[in-house]
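**Student:** The lines below spell out each chain.
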Amino acid sequence: MPLVNFTTREITCKLVYYGAGRCGKTTNLLYIHGRVPEQRRGNMVSLATQSDRTLFFDFLPLELGTISGFTTRFQLYTVPGQVYYNATRRLVLQGADGVVFVVDSQARRFDDNMESFQNLQENLLDQGVDIRTLPLVLQYNKQDLPPDLIFAPPELDDALNFRGVPSLPADALHGTGVFETLKALSALVLQRLAVRAPGS
Amino acid sequence: MTGFETFMLDAANRAAAAAARTVADASGVPFAPLVVIGPPGSGKTELLRAIAARVRESHPGAMVELLTMDALAGRYRSALLVARTDSFRGELFGADLVLLDDFERLVQHPDCQGFVSDLLDARRAAGREVVLTLSIAPDRLTGLDARLVRRLAEGTVVSLSLPGPEGRLAILRRRLGETPDALPDPVVRAVADAVFPSMRDYTGALARLVAFQEASALPLSAADALMLIGAPGVHPAVAPAAESPDADEFGSFLSEVEASLSEQVDRWRRRVGEAVLRWGGEGLATRRLDALLSEDSPVDPEPVLAAFEADALEMQGLARQAAELAPDLAGAQVFRDPDQLVAARALVGQARHRSAPLSAPLPQYRWEDIAEGPTTRLPMLAARDIVAEPGRRYSPLVIVGLSGTGKTHLLHGLGNALAGRGVAPAACLGAHAFAAEVGALADAEALAAWRLRYRWVGALLIDDIHLLAGSPRSQEELQLLVGELLEGGRQMVFTSTLPLEELPGIDHRLLDRLQGGLVVELPAPDREVRLAVVKRLLGGTSAAQDAALADYLASRPADSVRAVQGIVQRVLSEAAAQGVIPSPALAREVLEAIDLGPARAARKSGAARASGILSPGMGLVRSMEKMIADWPGVADRLIGELR
Numbered sequence: 729m730p731l732v733n734f735t736t737r738e739i740t741c742k743l744v745y746y747g748a749g750r751c752g753k754t755t756n757l758l759y760i761h762g763r764v765p766e767q768r769r770g771n772m773v774s775l776a777t778q779s780d781r782t783l784f785f786d787f788l789p790l791e792l793g794t795i796s797g798f799t800t801r802f803q804l805y806t807v808p809g810q811v812y813y814n815a816t817r818r819l820v821l822q823g824a825d826g827v828v829f830v831v832d833s834q835a836r837r838f839d840d841n842m843e844s845f846q847n848l849q850e851n852l853l854d855q856g857v858d859i860r861t862l863p864l865v866l867q868y869n870k871q872d873l874p875p876d877l878i879f880a881p882p883e884l885d886d887a888l889n890f891r892g893v894p895s896l897p898a899d900a901l902h903g904t905g906v907f908e909t910l911k912a913l914s915a916l917v918l919q920r921l922a923v924r925a926p927g928s
Numbered sequence: 053m054t055g056f057e058t059f060m061l062d063a064a065n066r067a068a069a070a071a072a073r074t075v076a077d078a079s080g081v082p083f084a085p086l087v088v089i090g091p092p093g094s095g096k097t098e099l100l101r102a103i104a105a106r107v108r109e110s111h112p113g114a115m116v117e118l119l120t121m122d123a124l125a126g127r128y129r130s131a132l133l134v135a136r137t138d139s140f141r142g143e144l145f146g147a148d149l150v151l152l153d154d155f156e157r158l159v160q161h162p163d164c165q166g167f168v169s170d171l172l173d174a175r176r177a178a179g180r181e182v183v184l185t186l187s188i189a190p191d192r193l194t195g196l197d198a199r200l201v202r203r204l205a206e207g208t209v210v211s212l213s214l215p216g217p218e219g220r221l222a223i224l225r226r227r228l229g230e231t232p233d234a235l236p237d238p239v240v241r242a243v244a245d246a247v248f249p250s251m252r253d254y255t256g257a258l259a260r261l262v263a264f265q266e267a268s269a270l271p272l273s274a275a276d277a278l279m280l281i282g283a284p285g286v287h288p289a290v291a292p293a294a295e296s297p298d299a300d301e302f303g304s305f306l307s308e309v310e311a312s313l314s315e316q317v318d319r320w321r322r323r324v325g326e327a328v329l330r331w332g333g334e335g336l337a338t339r340r341l342d343a344l345l346s347e348d349s350p351v352d353p354e355p356v357l358a359a360f361e362a363d364a365l366e367m368q369g370l371a372r373q374a375a376e377l378a379p380d381l382a383g384a385q386v387f388r389d390p391d392q393l394v395a396a397r398a399l400v401g402q403a404r405h406r407s408a409p410l411s412a413p414l415p416q417y418r419w420e421d422i423a424e425g426p427t428t429r430l431p432m433l434a435a436r437d438i439v440a441e442p443g444r445r446y447s448p449l450v451i452v453g454l455s456g457t458g459k460t461h462l463l464h465g466l467g468n469a470l471a472g473r474g475v476a477p478a479a480c481l482g483a484h485a486f487a488a489e490v491g492a493l494a495d496a497e498a499l500a501a502w503r504l505r506y507r508w509v510g511a512l513l514i515d516d517i518h519l520l521a522g523s524p525r526s527q528e529e530l531q532l533l534v535g536e537l538l539e540g541g542r543q544m545v546f547t548s549t550l551p552l553e554e555l556p557g558i559d560h561r562l563l564d565r566l567q568g569g570l571v572v573e574l575p576a577p578d579r580e581v582r583l584a585v586v587k588r589l590l591g592g593t594s595a596a597q598d599a600a601l602a603d604y605l606a607s608r609p610a611d612s613v614r615a616v617q618g619i620v621q622r623v624l625s626e627a628a629a630q631g632v633i634p635s636p637a638l639a640r641e642v643l644e645a646i647d648l649g650p651a652r653a654a655r656k657s658g659a660a661r662a663s664g665i666l667s668p669g670m671g672l673v674r675s676m677e678k679m680i681a682d683w684p685g686v687a688d689r690l691i692g693e694l695r
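As they're listed, the protein sequences go chains A and B. Residue numbers for the first sequence follow this note's numbering, beginning at 729 and rising by one. Residue numbers for the second sequence follow this note's numbering, beginning at 53 and rising by one.
The set of hints was computed from the structure by calculation and includes no laboratory data. The beta carbon of each residue, even a glycine, is placed where N, CA and C say it ideally should be. Among the hints, erroneous ones may be present.
Said to hold, decoys possible - Computed far set for chain A versus chain B, every beta-carbon distance over 10 Å: (1) Lys742; (2) Ile760; (3) Pro765; (4) Asp858.
As the list claims (entries may be wrong) - Sample of chain B residues facing chain A (criterion: CB under 10 Å; computed from the structure): (5) His161; (6) Gln165; (7) Ala198; (8) Ser314; (9) Leu329.
Said to hold, decoys possible - In silico negatives: residues of chain A with every beta carbon more than 10 Å from chain B: (10) Gly793; (11) Gly797; (12) Thr800; (13) Gln803; (14) Tyr812; (15) Glu850; (16) Asp885; (17) Ser914.
I would like the entire structure built from these sequences, with the hints used as guidance.
**Tutor:** Listed below in structure tokens is the structure:
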């Protein structure tokens with residue numbers, strides 16, 4: 729849960745982009761990184777393999793400035809999508825305030841999406857987090873691809889969004905829906921602001 | 053030339069001047085707010101003054117607030133100090149127009165940022181305009197609350213730059229006001245053409261030249277004037293207006309996050325505000341919460357609110373206890389301020405001491421049951437006056453009467469009546485009990501606590517005061533107590549079987565105090581009293597409606613109420629034993645048999661003789677029995693005759 733710390737006057741939110749390998753998580757962060765004024769963003773840390781796949785995670789800190797007297801930070805993470813990096817995924821998922829589940833809309837990646845979504849639920853459950861209580865947004869990425877290659881958002885909703893969480897079509901490569909997704913998740917996360925008393 | 057026309061002379065400032073005039077004329081949709089950005093000395097203050105002047109001219113009654121942020125902060129803090137923030141808030145929130153100068157100075161007053169933010173929100177919601185001036189773009193201000201930055205960004209931004217020569221000339225001429233000849237026109241024009249970084253430098257130069265001209269006999273030339281004010285050459289290019297904030301994806305995102313976050317974080321203000329309303333509505337002082345509201349930056353309200361609520365609830369509990377223990381404490385100011393919990397606890401502790409078990413009037417001695425007859429009229433009159441005005445008419449009241457005349461009933465009945473009128477606590481006890489309490493006080497602490505209990509009584513009623521004889525300590529305490537209660541205007545009532553002057557073994561100082569009140573005698577019950585007592589005792593029995601029986605019983609000789617009670621009880625017991633309804637005949641049978649018994653016995657012994665006619669029964673003829681005289685015995689008569 730994001731914390732309002734009245735002692736340090738800080739609000740820090742950890743948002744995690746989750747999804748199957750090559751679904752576009754890092755692309756989301758790259759796009760955001762490119763649109764954030766320099767003074768607002770920290771260095772994007774991306775540990776990638778030789779084949780440009782995320783080995784550990786991407787990390788993009790965003791300094792949102794002083795809002796209502798609080799220094800507000802958003803920390804955006806991606807997890808490695810590949811199946812064999814589950815330990816890293818769990819690590820990154822720890823303490824997440826909200827999750828964007830990035831779905832590769834391509835029909836051929838459908839099973840990968842399903843597997844990754846189940847993996848998300850399992851990993852959260854391992855940490856004692858019920859996915860129903862965690863702010864979650866589904867992003868149907870790659871909607872710019874030819875229609876016959878992809879599932880339309882309603883179809884993906886039918887398959888994945890049985891909890892009725894916010895879902896947004898996106899084309900992360902060109903930025904469509906990237907900030908909308910971030911806004912949707914931020915809104916959910918900020919609704920759950922918890923207050924930590926000084927000294928606690 | 054009005055102020056706006058001065059600004060209209062410069063193309064760069066026409067938009068600002070037009071917006072300002074729209075505000076002044078209230079001829080458009082509110083800009084909410086109109087943000088005028090311009091470098092120092094570009095005439096921002098002048099523009100605000102022009103707006104104010106135009107509004108006051110067109111609407112003489114309009115309330116226009118023109119404040120620098122320093123002034124606003126000062127007034128805000130002053131209002132806080134005297135707890136009049138609501139009033140100040142009302143002034144600014146309700147003004148027809150609010151003009152805020154040097155808005156960037158607000159970063160120096162972080163404690164006011166929340167207030168200003170609320171001000172902008174409230175006026176926007178009410179459709180009332182705010183115009184504010186800034187020397188730099190809002191997003192370049194560091195230390196300004198993001199909510200405020202967003203509010204400014206939501207308004208209309210116009211830029212103002214240093215006026216050109218024509219504009220400056222117009223402003224300078226206006227400055228000369230009613231003395232346009234104070235300086236030659238070429239001099240004014242030369243000043244306007246000179247190069248200064250801000251408009252203030254021009255007006256300052258003008259003022260210096262006016263002063264110099266006044267002191268000089270010769271008219272100034274333009275060249276002299278420029279030399280005097282040390283003006284350089286041509287004015288540099290006007291600085292471009294501050295750029296408007298870009299609207300980009302990140303900016304849009306940030307704006308939404310800020311709105312959401314502000315909403316969430318500012319909940320504390322609402323929480324505290326709600327608490328202030330709640331507790332203030334319940335009559336409690338909320339200084340602690342008010343202080344929280346005046347915090348410049350958000351604080352976690354929950355610990356303070358929880359602590360305040362706990363204190364407030366305890367205070368309310370203490371207030372209730374105090375009201376029960378000592379009604380005179382109800383509504384005391386200390387119980388309205390949770391910050392004075394310690395004092396309130398101490399007060400309740402005292403109240404507990406002073407209210408702990410005091411003997412109350414016995415409930416069976418009801419005021420309504422007291423029988424009144426011609427002979428008891430005076431004591432009853434005094435008693436009624438006391439009930440009407442406790443402690444004011446007769447205090448102390450001393451009721452003197454023989455045993456069984458109804459003193460105790462009158463005392464307790466009076467106590468009950470006083471309690472019924474809200475005189476509390478009414479301590480009502482016998483002198484024996486009083487002496488026993490005093491005798492049991494082992495040490496000074498116990499004595500102090502005991503004194504505290506009695507010092508706060510609403511009324512003190514002590515029965516059989518004559519029984520204090522031989523108990524000097526009790527008399528001394530009573531004497532002190534009477535003195536204190538007299539000073540406090542409390543009601544006191546005492547009873548005694550003997551007249552005060554005949555009381556043996558009572559300290560004369562106590563007697564003096566008692567005699568200082570009203571002493572009334574309660575004589576033996578007359579027939580009316582006896583009849584009332586009989587009727588009360590028969591009430592609820594099968595003979596309740598038997599007027600003849602009541603009449604007969606009341607006519608029986610009795611020197612005390614207690615004797616009347618004995619008569620009635622004997623008849624009722626006999627009726628119960630025989631299983632019949634009490635009747636006059638039965639009463640005669642019971643009572644006169646008792647009377648005749650000893651009379652006959654007396655006749656046998658020659659000691660006494662009774663006369664009278666026995667009723668034949670069924671109550672047809674009333675007994676006329678009457679004691680005429682004691683008939684002396686034979687021996688007595690013989691002695692009498694011999695003498």
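**Student:** Does each hint fit the structure? Answer for all of them.
**Tutor:** Status of the hints after comparison with the structure:
Against chain B, the non-interface label of Lys742(A) holds: every CB pair exceeds 10 Å, the least being about 15 Å. A beta-carbon of chain B comes within 10 Å of the beta-carbon of Ile760(A); the shortest separation is about 8 Å. Its beta-carbon lying about 7 Å from the closest one in chain B, Pro765(A) breaks the requirement of being farther than 10 Å from that chain. Separation of Asp858(A) from chain B is adequate, the least Cβ-Cβ distance of about 22 Å exceeding the 10 Å criterion.
Against a cut-off of 10 Å between C-beta atoms, the interface hint on His161(B) is violated, since the closest Cβ of chain A lies about 14 Å away. Because the closest C-beta pair between Gln165(B) and chain A is about 8 Å apart, less than 10 Å, the hint holds. Against a cut-off of 10 Å between C-beta atoms, the interface hint on Ala198(B) holds, since the closest Cβ of chain A lies about 4 Å away. With a least beta-carbon distance of about 5 Å to chain A, the hint placing Ser314(B) at the interface is held under the 10 Å criterion.
Restraint check, Leu329(B) versus chain A: the minimum CB separation of about 21 Å is more than 10 Å; hint violated. Against chain B, the non-interface label of Gly793(A) is violated: not every CB pair exceeds 10 Å, the least being about 6 Å. With a least CB separation of 4 Å from chain B, Gly797(A) falls inside the 10 Å interface cut-off, contrary to its annotation. Distance check for Thr800(A) against chain B: the nearest CB is about 6 Å away, which does not clear 10 Å, and the non-interface claim fails.
With a least CB separation of 14 Å from chain B, Gln803(A) remains clear of the 10 Å interface cut-off, as annotated. The beta carbon of Tyr812(A) sits about 34 Å from the closest Cβ of chain B, which is more than 10 Å, so the claim that it is off the interface holds. Distance check for Glu850(A) against chain B: the nearest CB is about 31 Å away, which clears 10 Å, and the non-interface claim stands. Residue placement check: Asp885(A) keeps its beta carbon more than 10 Å from all beta carbons of chain B (closest about 24 Å).
With a closest Cβ-Cβ approach of about 5 Å to chain B, Ser914(A) is found to fall inside the 10 Å limit, against its non-interface label.
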